[in-house]
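K.L.:
Here the protein sequences come in this chain order: A and B. Each residue of the first sequence is one higher than the one before, starting from 1 at the first, in the working numbering. Each residue of the second sequence is one higher than the one before, starting from 1001 at the first, in the working numbering.
Calculated directly from the structure, the hints in this document are not laboratory data. Don't take every hint at face value.
What the hints assert, rightly or not - Listed next, with one range per pair, are the computed distances between beta-carbon atoms:
#1 A/296 - B/1159: 27 to 33 Å
#2 B/1156 - A/4: 42 to 48 Å
#3 B/1221 - A/296: 37 to 43 Å
All figures in this text were calculated on a predicted structure; none of them were measured in a lab. Backbone N, C-alpha and C fix where the C-beta goes; we use that ideal spot for every residue, glycine too.
Okay, here's what each chain looks like letter by letter:
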Amino acid sequence: MFRTALRNVLAHRARLLMTMLAVALGAAFVCGTLVFTATVSAQLTRASQQDFAHVDVAVRPGADAALAASVPTLSTASLEALRRLPEVARVTGVVSGFTAVAGKDGRPAERGGPTLGTNHDVQAGSGASDPRHTFTAGRPPSGRGEIALDEGTATRTGYRVGDTARISVDGPGLRVRITGLFTTDDGPVNAGGTLVLYDTATAQRHFTAPGRFTELDVEAAPGVSQEDLETKVRKVLPRDAQTLTGSLLAHDQRVHIEAATASLRTTLLAFAAVALFVSCFLIANTFTMLVAQRSREIALLRALGAQRRQVTRQVLTEAGLVGLVASLAGLALGVGIAAALGPFVASAGSLPLGANGPLDVPWYALSVPVVTGVTTTVLASWLPSRRAATVPPVAVMTQVFAPVGTRQKALRTAVGALVAALGVAAVLGSLGLTRTEDGILLMTLGAMAVTAGCVVLLPVLVRPAVALARPLWSTARSVRELAARNCLRSPRRTAATASALVIGLGLVTSLTMVGAGGQKAADAQAAAVLKADYVVSMADLSVLGPDVEPLLRTAPGVTRIGALHDAQAEIGGAHRFLTSAAASTVRDQLRLRFTSGSLDAFGGTRILVSGHEAKAGGWSAGTRLPVRLADGTRTEFTVAGVYESNSLVGDFIAEPASLGAAPAGPSLDKVLVTTADGSGARTARALAHALGDSPAVRIESGADLSEAAARGVTRMLGLLYGLLAMSVTVALLGIVNTLALSVTERQREIGLLRALGLDRGGVRRMVRLESLFLAVFGGLVGIALGVFLGWAGGELISADLPGYTHELPVGRLLFFLALAALAGVVASLWPARRAARTDILTAVGAE
Amino acid sequence: MVALDDVSIQFGRGEFTAIMGPSGSGKSTLMHCTAGLDSISSGSAWIGETDLGTLKDKQLTRLRRDRIGFIFQAFNLLPTLTALENITLPMDIAGRRPDPERLGRLIEMVGLSGRLQHRPSELSGGQQQRVAVARALASQPEIVFGDEPTGNLDSRSGAEVLGHLRGSVREWGQTVVMVTHDPVAASYADRVVFLADGRIVDEMLRPTADGVLDRMKDFDAKGRTS
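So that you can see chain B by itself, here it is in the shape it has in the complex (with noise of 0.2 Å):
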């Protein structure tokens, strides 16, 4: 069974792409390709001016840790560590340490200062997915991967967490890549690609709410006639 088949697909700096389709699409798949969590059958993922497929393992390691933020859907976060020992964990891995003015500067952005102590347990699940963008901007990636950032949240926080991805964009040129199934968050996005069957089926530039809903709805009807 193929995943994908045969996608060409290109993100631009500072950019905010949103990926989007209905499940079985492909399009957490993709993500995982072009960030180096899953390996390519044939064709090649690039980040900048680096080919994913000829890094050995460890290369690769050390590209997710460096250049790469990523944001998941739930489980994000390491329970025996502190929100700010989560957000500075890739640094830390790494060795180095954060930039302080920056950091305060993202922790202030997500609204987290009076938390930085608490462990995971302690701290909502609006809070969890802010200290995971905090973690996932801290370190300066050259681009920023989330796999359904709000699926697990309510509305108000989802739209947090939307917000500071997008003010990243606009505010620091940070690129992001996130792959959704809410119509509401793609909004967010400056551009929207439609996934289906493996393959990429639409574009859609400054997308609104409706405008990807209704698109969507387009596939459910073509799902149910074909």
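So here's chain A without its partners, still in its complex pose (with noise of 0.2 Å):
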């Protein structure tokens, strides 16, 4: 029976091909994200391999050095009581913390990787270097003013041994001199961050204090192991130190780096999956038809004697051969896919990537696409594979086989309504919980019972659709009436391949509707709060430097300073943090919307509290709330006013001398500034001047936040048009696929068309017309469809959003519209042509 399967296959291979096609379209993006997840986390875990290589235990500060300063640290003691240590051969004393540092063009040299400074330590006495570090050129640094720059970033920048850069450490920049340049191991730094290295001194200087250090990496003696050491260190360090193992750290690296590649494997996967979901209903109608074109040879099959499981059987079969053989064609094309993912991934910026390597091809990215595919296709072809069976042994001699019967389709109807009914309900109840994570769990599902009953009834809405575009088509009457009874012949066909259309374009006119309800919402958010001119903060959400504000006061045109501090209290029994700004600063430099309260009652213990964290809390002005300040005070807290959540200002706002003693270290969060003259290029370029051109630092005007929070939501709707594109393409050739195999079963009624004065265009257009059909009437059911989930989709995201409004982007849903119509007149080209190219006498059967 697999000879027969596979002789059948051979044979109808050209109506097959469609099919496989998707299928392997679908195998190809599963492996292809397999293969490039893969790759990256070798060459990520790779990069990092050799970054332990020198450190067997790492001393790092514990939680009470945690709350005594902002920057923990451990001392020189600690790091006298281990040199003395038999155990231990070297102890390295590291002080680390965030330098960027500015190209040749004034722009930030990283690349998507971390911007670090450490010291370069170099042993009192035996002068032995700091194994982290090895020099190409030049000499370490040895004084303030001096830095040494890693090879990578050098080639990158230009930057020779002598040239004179600008780095950031907390905000303002500062002019230094390279005096060697130097490799390292540390694998994200080469894969495209910058690493800046000052003697320890200068290095405690900028990040801890003299004497203090942010970590003790230990060297065990030879015949130690790193077990050992450990216990012995923990035994002169304080209580609270952590400790942690040259493995254990490889080991944590390495499940971080898995937990970023994994989200990333999550959202290409997702692809794969709707390329797959899709193909099912082409495969289906593939089948559906073949089975229907064959049903005199299996009546012919079932009269000789075959079992219905059999007949059942041997479809499975065919399918199976067709998902494997589809699914092996798309390894091939996956590991493609999988080499052109890595730039496009790469400008989208999460991950950094190094250079392009090998592809890594572990097993699984072989053999799950090949499971897949094989699975989907034959569950696909399951039911027209029970179809198969029912054709009766009679049928060999008659030329009709009945259809389905009408009590099937009032079952299907009466399904699908109540499933889509159920999903509606679910959709709109949805809306009603109080817990968004139960709100976001029940809609989805909501979502997908609409989606699927939607599907289920779709046949149903053929004859109306027919109905209503018949007068629309703009063609010869008969022409016209001949596509529109074509596509009424088989609604469930119709339906089938409309499906992939609807599932398609639904999913992304949801996502963008919500994408750009989302957009308008961010700008409203940022931009509306900011009463100042512009805010300024450290790019990378680290704390700026005492420094900024006496230079920002200088720069000309300022009239007015604000400053919004981080700090920390417990409040309500639950740690927090807070925002600690001077009443007039919120009064005179931001905008905030009030929900309840107001700003008047602002002041002393009278705190203002964001719409997020009240909700949560069941708070309102007035509410007492019992505090424990950071400095061990207890005392109360009023609310003063509830403000609508924004991403200016935190959660909590309270004066600073509200706050109590404040722990030692930097705090300042962001500086608002207002000038005299508003905000325009100028003024920008005057603040940044002033602050000595920092790389590190982020001057920005309510347009720029604006901006800012728009890219994010461009990102991701970039995201959303290859999700288009795929489905668009898988759509595409469903639709190919049907017409093909239905102008083959119409061959000989073309024939008499054209036999009976119909020419070539005449069949052209009405192939073109039934294609137009399927795509527009697909097109229009998923753009309806997205539009309902899109709109409950956003209200359930309003009620944490304030500042969402509905957007219906008509532009964009009409562009939608378009490609599918697009995609409907591309489909025919090839099954029109060929429709106008059959063979008069052949089809009508002459001898």
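Using the hints, put the two chains back together into the complex; each one sits in its own frame.
P.N.:
Rendered as structure tokens:
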């Protein structure tokens, strides 16, 4: 039987072509995703592996140190204690922090990697050099104003030993001289980050305090294991200090890398899932048509004694074969996709991807796509295979094989309507739930049910759709009628072909709507809250140094400076992060929108709370909250007002005086700047110059904030358009498939029409009309479905995102519809040509 | 292999001609060539003043649409159209409206008045062929070609169809050319032309079923001895 199946597949290979293409596409994407993410993961792991070669135990400050200062540190005393241990070969005192480097063009030199600064430790006495860095040119830095730069950054920027560069540690730009270049084992740095070296004293001045370290790296003496060393080391350290063995560090890094690539993998696999799901319709359709065309052959088999089960198995085996061949072809295509994904994802910028290396192809990247492809094909052809078994043996003698009965049709319609109704109920119901997480879950389930119900009900919509469309087809009445009748011939087949577009466009439309609304909300949020002209912050969101405010005050045109500091306290029993700001700053430089209470009452122990937190805690103006400040004092705050959540300030605002003694260390989060001339290029430049043209600082006006928010949404939408392209491609294949098979089926009719006087152009027009109907019908239903789900999704989000307005991106929707129509026309080209070239005599069955 | 070997034939207006011969004699090919469905390697075919050889595909298609009527042995009708729509199909394609009086008379003649809204799947074989006859005659073509029109029918339905064809010749002066292997069908014609091995070998005027049958038997005998 396998041999018969093989022969059948070969005999019908032309008809199965579209199906195989669709499955191959889905399998290719699965394969490509798996290969790509495995390669990225391997690359990162390999690059980071040697990082811990010289660290047998790393010592980090513990919890107590974290509370005592904003940057936790270890003391020189601890370092000396470690050095005295006989099991220790070397202790490196590490001082690390943030350092941004400006390229020769003034812009940050990093390319998607971390921006680090650390000390180059030289052992007093032995003079032994820091094992983390190997100098390739020049010498290590030895004083303030000197740095060394990693080779990768130097190559990228063109800096050489002796050049001056501008760096930034906590805001203002600093001019330094490059005394040497070195290589490092730090993978992410080599993949596009920057690393600056200082001498230890300078590093401590920048990041910690004289004599304090952020980490102590201990190397074991020969013959001492990491575990032994750890035990000995713990004995001489403060009780709360953290120790991590080298192997644990390596393991943690691997886990971290894996987590980063996992989320990427999930996103990409979602594409593949959509492609495979949409192909199911194509596959089911193909096999249904093939079964119908071969009904006489099947009837003959049955007449000769084949059991129903054997017929079913036959069709399933053919499907399995098709899936197998297509998936194998997909593997080759998939490796190509993996190679192409690299530059695409790198530009979207979340993972540091280094130079293109060889592709890593794990075993599961080859087996999973094949299994998935075969399973999809077999599952999708299950129903048609069962239908094949119902062909009665008597059909071998009659020409006509009765289609599916009306009772089945009524059952289908009932089930579809029920599922769709349940879905709508779930979607609407989810809007009433209080917890957003529950709401999202219920809405997702509801959305799937609505879509499924829609697809099941689609055949019912075909007839009214054709009736509506008919008067719009401005072509010869006869051709119009013929095309219309053909669409109506099998509403189920028409609907199944259109379903692919329904799902694809529905998905993309709903996500576009939510995206567009979210974009407006993001605009509204940040930009609207800023009353001042500029907000100054660190590009990496770390704290600004103490020099920033005085420097900004000296900038020309500045009329007012307001500081927003980070603070912490325990409010209402939970640890919270607050924004500490003077009442005058909040009043004159921010435009908060209050939903309860007002700004008038703000001051002292009367604080402001964001809508998000107030809703979670059930608070409103007047609520009293128990508080434990950072210095331990217990007191009470009253809620003076509740404001709409936004990204500029945190969830709690309090005046600095009421927060007690602040912990040591910098805490300046943002500086609000009001200028005499408002916001403009010249003013922005003046401010940047006042800060020493620092590469690390962001100076943003209201317009800049909107733009930044929009950019994030645009990137997401870019991914969406990729999804759209994928689903439209598969849908297009589905339409070509249906039309091509249908043209073959209608060979006799087309021959007759040609004999009776329909010219070739007319035949082409007829096929094109059918294709266009399929595409536009699927597109319209999909867009309608998408608008409903997009509205519902937006309603759900608007609870959490104030300022969210429902946005119907009409332009984009029209574009989608036009794209669907174009797909319809393109899909018809080849089948229409084939139909027009039908040989009349062969078709009419001449001798 | 030559299908037609130097055949010269004329069909007169208002004449009912039958073309007969054993299978492989080239009778279908002859009809296809004269109807503009097949191309000729040498010689020419004319309908009225029009030389079919000079026409391009589009013009040939238009000729078939406006000036020729076809009745095939089977698969004459489009399954998605009703009987009435099938009858008016060539005119619909041309964008012309049929003369309602003539159409009505035709429909009555073939006896399909009650079945106009039915699909072909709801009609018997004989009814389907009658629809085909009505279609062939509805556009008032210069010539009607039938390729074994009664081949799939029982004798009664066949007789009806042949009667309609002959009726159209007598009453409306229609020209009909029919390819057949059935002597009874041939007897309805005014003239029978006999083909064998791609050549015209004989002709019979005012044929009778028996006469035709005898002539056919001669063929078989000759065939067996040669």
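K.L.:
If a hint holds in the structure, say so; if it doesn't, say that too.
P.N.:
Right, here's what the structure says about each hint:
1. At about 31 Å, the beta-carbon gap between residue 296 of chain A and residue 1159 of chain B stays in the expected band of 27 to 33 Å.
2. For the pair residue 1156 of chain B and residue 4 of chain A, the supplied restraint of 42 to 48 Å holds, since their beta-carbon distance comes to about 44 Å.
3. Hint check: residue 1221 of chain B to residue 296 of chain A, Cβ distance near 39 Å, so the stated range 37 to 43 Å holds.
The structure shown violates none of the earlier numbered hints.
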